[in-house]
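Use these hints to put chain C onto chain W, whose structure you have.
2 protein chains.
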Amino acid sequence: MSAELICVGTELLLGDILNTNAQYIAQELARLGIPHFYQSVVGDNPDRLKQVIQTAIDRSNLLLFTGGLGPTPDDLTLATIAEFFNTELEERQEIIDDIQQKFTQRGRTMSPSNRKQALLPRGAEILPNPIGSAPGIIWQPRPDVTILTFPGVPAEMRRMWHQTAVPYLRRQGWGKELFYSRLLKFWGIPESDLAEKVSHLLNSVNPTVAPYANYGEVKLRVSARAMSETEAQELINPVAKEIQEIAGLHYYGGDSDTLASVAGQLLQTRGETLAVAESCTGGSLGKALTEIPGSSTYFWGGVIAYDNRIKEQLLGVSREDLATYGAVSATVAKQMASGVRDRCRTDWGIGITGIAGPGGGTPEKPVGLVYIGLASPDGTVESFEYRLGDTRGRDWVRRVSVSHALDRLRRRLRG
Amino acid sequence: MSAELICVGTELLLGDILNTNAQYIAQELARLGIPHFYQSVVGDNPDRLKQVIQTAIDRSNLLLFTGGLGPTPDDLTLATIAEFFNTELEERQEIIDDIQQKFTQRGRTMSPSNRKQALLPRGAEILPNPIGSAPGIIWQPRPDVTILTFPGVPAEMRRMWHQTAVPYLRRQGWGKELFYSRLLKFWGIPESDLAEKVSHLLNSVNPTVAPYANYGEVKLRVSARAMSETEAQELINPVAKEIQEIAGLHYYGGDSDTLASVAGQLLQTRGETLAVAESCTGGSLGKALTEIPGSSTYFWGGVIAYDNRIKEQLLGVSREDLATYGAVSATVAKQMASGVRDRCRTDWGIGITGIAGPGGGTPEKPVGLVYIGLASPDGTVESFEYRLGDTRGRDWVRRVSVSHALDRLRRRLRG
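Line by line, the protein sequences are chains W and C.
Just so we're aligned: 493 in the working numbering is position 239 of the first sequence, and the numbers increase by one with no gaps anywhere.
Just so we're aligned: 474 in the working numbering is position 220 of the second sequence, and the numbers increase by one with no gaps anywhere.
Chain W on its own, in the form it takes in the complex (with noise of 0.2 angstroms):
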């Protein structure tokens, strides 16, 4: 018993788009602990879908296709699939109705080509999609193969898996012995360094212990395998214990907490407020906090001051001092900082000013010299200074920008 997954879309042919699905998809099997061993990409085009499905029922028989579910004249997964088994398509009113609803709720008309979406083979069930117009389809054409389908957007796909696909193939009996994993995060240390303080934990067995590294963050994944999630919990616990204790503060928090989240939660804790001011980034610190649902209650917003007359203008900084000392400089992050807290009278502010790049850089004052001020209730305002370099781009300058921001907060907040 084994799954095999097909990837239907031209553009993933020609390099239009990256495949992370067929990466979800290979994790949440390997999670499931259901057998994988092919993946395979085709274009819109049925007869060579149609050879794809015949390669992969003589050696899987769980069949996961993405892609291909759209209302174009160029999506023919389902209507390919059916024809391959010898199955009529047929109108499902429901479909149609839920696509007309949807459409009702945001003010569109349905146009006669998403009917299309609607003509499942016959015999299948609907995989519902609870975001968009295209459904999926569970089927069994035969005892020995089961067939799921996904749209290629992986929002769509996602929710779909989750919500029915997991509960479905439990159901049938995959994925009983489960892989659970623990990821905790990391910042501030090199992952050569921590891996070097945990070197006698990454040949563990059961948990494993294995490290990842991007945009400056390491991550340790602590993976289980076991008969029940109590029991995998048991078995990564002390060991994510450990490695907590051994990185100090530099862990930062686990799983989906980001360190926007963990940040923010301590303010809530202490029932403080915060405020930023962006020069180089731009908004992404603001927009970092505010993708947390309910963030409003600690973060009351700020300035973006791009260009320096906002800088005067609505925070205050020195005319004279930005002349002295410019616009890139700790003098000018402090006052920034000091700046939003009082204008925006809340506890905390934030202030970022830096050369993210490509242009602008001096050799005093290169590409990737980033200055973070951060003022606290008590008055007191701290700066400091980074030296990102010019090598890995003005996006990553400011991606990294905005986590060293959020990881002084945290720093200040546990200390």
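Treat the hints with care, since some could be wrong.
[What the hints assert, rightly or not] Cut-off 30 angstroms, straight-line C-alpha distance, at most; resulting in silico cross-link-like pairs (DSS-like, lysine-lysine):
| no. | chain 1 | residue 1 | chain 2 | residue 2 |
| --- | --- | --- | --- | --- |
| 1 | C | K304 | W | K451 |
| 2 | W | K495 | W | K430 |
| 3 | C | K356 | W | K304 |
| 4 | W | K356 | C | K451 |
Source of the hints: derived by calculation from the structure; they are not laboratory data.
Just chain C now, kept in the frame of chain W:
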């Protein structure tokens, strides 16, 4: 004549890594005009890999492999390919010399396991790896089959691709006919509506026209096959022009254009400036605008007015109106737009206020209700209402709100 990609690695089947190599090679094959209809992923397992090779040589004649060239026992791509074609492996002294030299340079000693990387099928050419220890091969085991192998490490694969594989493929007569494509981008029209308007073009053969959509944005890819880029452009131009005429103002740009870059360019041309006031988007609009290097010439900054106190204190929104109409209202959106324009002393001002969810909705003001205010240099202030629904989540509402705001500005600048 067509190419097929075979990615080897159990880590891909476990979802531990994202298959960026597949996208890269797909883009490159498209650029070179080499037809490419299938991709496969298979684990480090000789029997399954042989099965995949069998399927591939029945339908393709250029087989590109990534992964499984390392020194560890699970790296068996070359040994399996050789066995499949009944060919012996032989040790190549020049590879051992090369690895030895690289190790010496890095102050390391070559381990016995690295000798394995010098074992190549008899008759195969070396595909040199200038970065790492694992070379690839170029091999014609049969007159109708050409095999190229690459390591899984993206940086090594890319260098080897450009340095040796592309020149080789061109010498063999591949990639003479070029495949060139242009992306046309639209906002404000649903995919199905646009597809219907251009339906007479969707079956066109050279160039082809294919629709895509994500996050409310619709794209048409116009792709032509020709002997030169000029010739390809001549095939694409009339079709692109026809589509742009049909779409009118819904068409906003091509290829690397974004709504933020297009609106920014229009501002820059006019020598006008912009400030933004963001509530539910929390800085996302500022972030989108400042993603573009050089945006400081027209984007000055603004206010993140997440809390109503900030709307009053920093934007001068009327407390009475906040109480009467609510923060999510056309009135407040307009006051935010004109308030930020006045206080930042820019030509244009945008205000965004809405309910991103998941909480905070009421029957009259449901999740997904968003108002956008637009204050113009002539003193007029408009507002626009959007009902984006609650099914696609907070992130979607925020992203689409930012795009709507930029699109409104763009239309006014073009109108």
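Now for the hints, and whether the structure bears them out:
1. K304/C / K451/W: violated (41 angstroms)
2. K495/W / K430/W: holds (27 angstroms)
3. K356/C / K304/W: violated (47 angstroms)
4. K356/W / K451/C: holds (22 angstroms)
This entry does not satisfy hints 1 and 3, going by the numbered hints stated previously.
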